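Asker: On the provided structure of chain H, position chains L and W as indicated by the hints.
Protein chains in written order, with numbering that gives the first Met the number 0: chain H, 0 to 326; chain L, 0 to 301; chain W, 0 to 334.
What the hints contain is simulated information worked out from the structure, not anything from laboratory work. Please note: incorrect hints may appear among the correct ones.
[Said to hold, decoys possible] Reference excerpt, derived from the structure (chain H facing chain W, CB under 7 angstroms, subset only):
1) R37
2) D223
3) Y224
4) T227
5) R229
6) G232
7) L233
8) R236
9) H242
10) N246
11) G317
12) P321
13) R322
[Unchecked claim] Label pairs and their computed distance ranges (CB to CB):
14) L:I47 - H:M0: 48 to 54 angstroms
15) H:F115 - L:L69: 20 to 26 angstroms
16) L:G125 - W:A331: 44 to 50 angstroms
17) H:S28 - L:A104: 29 to 35 angstroms
18) W:L268 - H:P321: 31 to 37 angstroms
19) H:A4 - W:R73: 57 to 63 angstroms
20) W:A330 - L:G198: 53 to 59 angstroms
21) L:F155 - H:F186: 27 to 33 angstroms
Please read these numbers as outputs of a predicted model, since none were measured by experiment. Idealized CB from N, CA, C, for every residue including glycine.
Here is how the chains run, residue by residue.
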Amino acid sequence: MFAYAARRILATIPLLIVATLGLFALESSVRDPVAELRVSCPQCDQIAFDRLIDLYDLDKPVLDLSNPGGSRYIAWLGNVATGDFGNSTSQGDNPVSDTVFTRAKNTMILAVPAFFVIASLATFLGVYSAVHQYSKTDYTITGLSFLGIAMPTFFFGLLLQVFWGIWFHDWFGMRPFFTTQMHDDNFVDLLKSITLPIVTLALVVVATESRFIRASMLDVIHSDYIRTARAKGLSERKVIFKHALRNAMIPVVTIWALDFSALLGGSVVTESIFSWPGLGPLLISSIFAADVNMVMAIILLISVLAIGFNLIADLLYGVLDPRIRIS
Amino acid sequence: MSDTTVEQHQLEAEGLSIKPKSFGRQTWERFRRHRLAMISFVILVLLISSFWIVPILSPYGVNEYDIKDLSQGPSWKHPFGTDDIGRDLMTRTMEGAQVSIYIAAVVALVSTGIGTLLGAFAGYFGKWVDAVVNQMINLILVVPAIVVLLVMGIKFGGSVNQVALLVAAISWITIARIVRGLFFQIKEAEFVQAARAAGAGPGRIIFRHILPNAMGPVLVQITLVSGAAIILESTLSFLGLGVTPPNTSLGKLISDSKGFITVTPSRVLIPGAILTALVLCLNFLGDGLRDALDPATRKTRQ
Amino acid sequence: MTEPVISFDDLSVSFPTDDGMVRAVRNVSFDVEPGEVMAVVGESGSGKSVTALAAMRLHPGSTEITGEVRFGGRDLLGIGEKEMRRVRGNGIAMIFQDPMTALNPVMKVGAQIAEMVLTHDDVSKKEAWTRAADLLESVGVPEPGRRVKQYPHEFSGGMRQRAMIAMAIANGPDLLIADEPTTALDVTIQAQVLEVMKTAQEATGAAILLITHDLGVVAGIADRVVVMYGGRVFESGSADQVFYRSQNPYTRGLMSSIPRLDAPKGERLIPIPGTPPNVLNPPSGCAFGPRCAFASDGCHEAHAELMSVGFDGTHRSRCHKLAELPDLFAAAETR
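So that you can see chain H by itself, here it is in the shape it has in the complex:
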């Protein structure tokens, strides 16, 4: 199992290097600080330009294979390998790792509860829908799922703001606009800030997952071994929860792992709408500001999370399904 994990990680490293190189090159070419300075400060002398060139390493190419040591990307990669992600150019001259760390903590405050809401709600709706196939409730759940999948997240978020901002002003004291986290000590206060963002985060994912779980559960319910379980004289509850659910949830684990890693990586849309100081808005503003170090640090974090959770999902798959042995 360890060997398998190691092999998997090694196989993704080249992909990660090529992908980050591409994004690094793109992001580095978004702005030309020298040209901008020339416009904004016509009276600046060569010393100012040189300082700028030195700060951004603009004299070096992004990647020069004949002189790898003189390439910006290689230099960045080398620094990353030693744990140095560089300094930010847009958030003061601070190490990006500090900012990313603070923002990641904020994102987690949304992501972890959101994940539990998503997992439990999707399982409940999916299983209920499958067990009561073609019932009115099933049609309702299916219809709402379609609606949830079709509705863009940003629109749903804005819809909630319209609801709580205008029509149901101050219902339960929900904060529809600025949920900036400034209430570490008061749980109820925190809850008022995070509820609407969590609902927004959950909608699309719950809709997609419940459809998936319903389909998976239906597959299992119609299988021969469920008929065998019924023929044993087991109660319907035991048939569903002991025999069907376990089989139906095996493929869901992969989906959960991916969704959880996506949540931990921060939501660009939801966090922006609710002004939540997580990784999402930081990524957006850094991309616009051409803050290469910041953008690359966030991308790296998101990718490593995705790769890591994918691997965990595969390993879990092997544990849950005795037919699959990972070696």
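Answerer: Chains L and W only, in chain H's frame:
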């Protein structure tokens, strides 16, 4: 297999033996029976034609502004209201919807073309061709799609065509994967072996023998990819990375209205509802097509 | 005369499909006596499996059932779900067709057998597992102590069917329903599994209701036979009566369409022409009429009643031409 399902298969076999119908006709009949998909299809046609008809009938130009009517809610004069510089929002929304539809169509076309071609080659030839296509897919998937789009968007975004191509650059993956899987299955089928034995070359086998048999699921994917493209484009525009003025799109309209949400909520709600309706109809359509094309997934009502 | 273990009385089963109501079983009546092997024979679509599932009430919810299934002094179709659960696996146990899919892939084989014990018997978990190992041994699974801890995918097809049998006999049922128990298995394994069933029956004294389309299986094991066609019983009687003195054109057709090793060289097989009836829209009159070599106009007008042939009432057949059959058969032989 239980007797019940055997009987059902027999039923179908019997039905065929009495009155043979072409596959296309059977599919159409099954599709028609899928009421939701039929309704969606009609709504979709009505919506899309209104996007082109309404601006022609409208007395207002897209960028024509009227300083007397700033930030108005819906009224008889301006059914969708006006924006903060007094432009008629019904005309603008329709123009924006045209752009969203145009982008969805381009994305569907380009991503289906690329996805089908790459998926077909990967599935048919296997080995290194498959490995190369797989690595291309993995390369894009190693970083979440929205992040790739954001970084690429700031560099290549802007014009309508650029945004469409950007979204297509991500969207072909789903189609490629499905086509690849289908080709893996179908290339082992006996009629393919027979074609090969008859001396048909790979090109002929891929395009004349296998591809027609894979078109059903591809057709379903086209509707789903179009829906996803509309969402992706609007999300990009919402984040400020999609189409740029003077062009507008449904996502851009909503993005522009963010700051006025408490003043004229209809500015967010109307384009958002149209956006959702479009995607919803496309998804229902895809669902109906899937059922119609693949009778095996339709189980007996229980 | 002893009370039958189970008796089907005027059983009819219909279920809705997209294309209309399917009347899969029509007015079927027969008994199974204690300790006997009763075979229900028929082609796919004859309603034989639906009959068996109705006895266990394992049919989908929208199915419509009329008639009675009497077991242990009560009508199984009339009792509550809770009481029915006590019958399933305890009074009546079932063996299914495909052992590859009939066992839960994520549960150990021992756990699945032990679950059967624990559901109906108040014993400790440990005891149930010991019983599971004993049961596996009794159906001829080697190294039962090791095998109980394995998952179904580690068993071969024949071994899985043995495990299914072990599970079925765990609570000493009065009736074992075996739905095509050997169809999915290799020919060499089929005989072994039948042997195991026979041994298990002798050990527990259970009656067996064997659902099959395979006359070879029936010949080896059955005491009595019911032949079904188009949802109706076409002939019933002792294995000898049905096999050697059949009074039904369909049964005869079935017999002469199977190859026999002891047939004289050069004897041709005679297949039954046509296909089984469309269950949605069956032919009017005798369901077998359109395929029957002896049918005349009268056969297509109404379906025949099941009538006694012989004197003791044990042999019954459904045919409009019952009286002329011996002559018709004789004429067909000489042709």
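Asker: Work down the list of hints and note, for each, if the structure agrees.
Answerer: Quick rundown of the hints versus the structure:
Annotation: interface hint on H:R37 violated; nearest CB of chain W at approximately 68 angstroms, more than 7 angstroms. The criterion of a C-beta within 7 angstroms of any C-beta in chain W is met by H:D223, whose closest approach is roughly 4 angstroms, and the hint holds. Taking 7 angstroms as the C-beta contact cut-off toward chain W, the hint placing H:Y224 at the interface holds, the least distance being around 4 angstroms. Given hint, H:T227 at the interface with chain W, holds; its Cβ is 5 angstroms from that chain's nearest Cβ, closer than 7 angstroms.
Annotation: H:R229 was flagged as interfacial toward chain W, and the flag holds, the nearest CB pair being 6 angstroms apart, inside 7 angstroms. The restraint placing H:G232 at the interface with chain W holds, with a minimum CB-CB distance near 4 angstroms, inside the 7 angstroms limit. The beta carbon of H:L233 is positioned within 7 angstroms of a beta carbon in chain W (closest approach about 6 angstroms), and the interface hint is therefore held. For H:R236, the shortest C-beta to C-beta distance to chain W is roughly 11 angstroms, which exceeds 7 angstroms, and the interface hint is violated.
Using the Cβ-Cβ criterion of 7 angstroms, the hint placing H:H242 at the interface with chain W is satisfied: the shortest such distance is roughly 6 angstroms. With its C-beta approaching chain W no nearer than about 6 angstroms, H:N246 sits inside the 7 angstroms limit, and its interface hint holds. Annotation: H:G317 was flagged as interfacial toward chain W, and the flag is violated, the nearest CB pair being 12 angstroms apart, outside 7 angstroms. Hint on H:P321 holds. Least Cβ distance to chain W is approximately 4 angstroms, under the 7 angstroms limit.
Evaluation of the H:R322 hint against chain W yields a held restraint, the C-beta minimum of about 5 angstroms falling below 7 angstroms. At about 53 angstroms, the beta-carbon gap between L:I47 and H:M0 stays in the expected band of 48 to 54 angstroms. Checked against the given bound of 20 to 26 angstroms, the beta carbons of H:F115 and L:L69, roughly 45 angstroms apart, lie outside it. Between L:G125 and W:A331 the C-beta distance comes to about 57 angstroms, which lies outside the given range of 44 to 50 angstroms.
The hinted range of 29 to 35 angstroms is satisfied by H:S28 and L:A104, whose Cβ atoms lie roughly 30 angstroms apart. Between W:L268 and H:P321 the Cβ separation comes to about 46 angstroms, which falls outside the hinted range of 31 to 37 angstroms. In this structure, H:A4 and W:R73 meet the distance hint of 57 to 63 angstroms, their C-beta atoms being roughly 59 angstroms apart. Judged by the Cβ atoms, the range 53 to 59 angstroms given for W:A330 and L:G198 holds: they are separated by roughly 55 angstroms.
Remark: the range hint 27 to 33 angstroms for L:F155 to H:F186 is contradicted by a beta-carbon distance near 45 angstroms.
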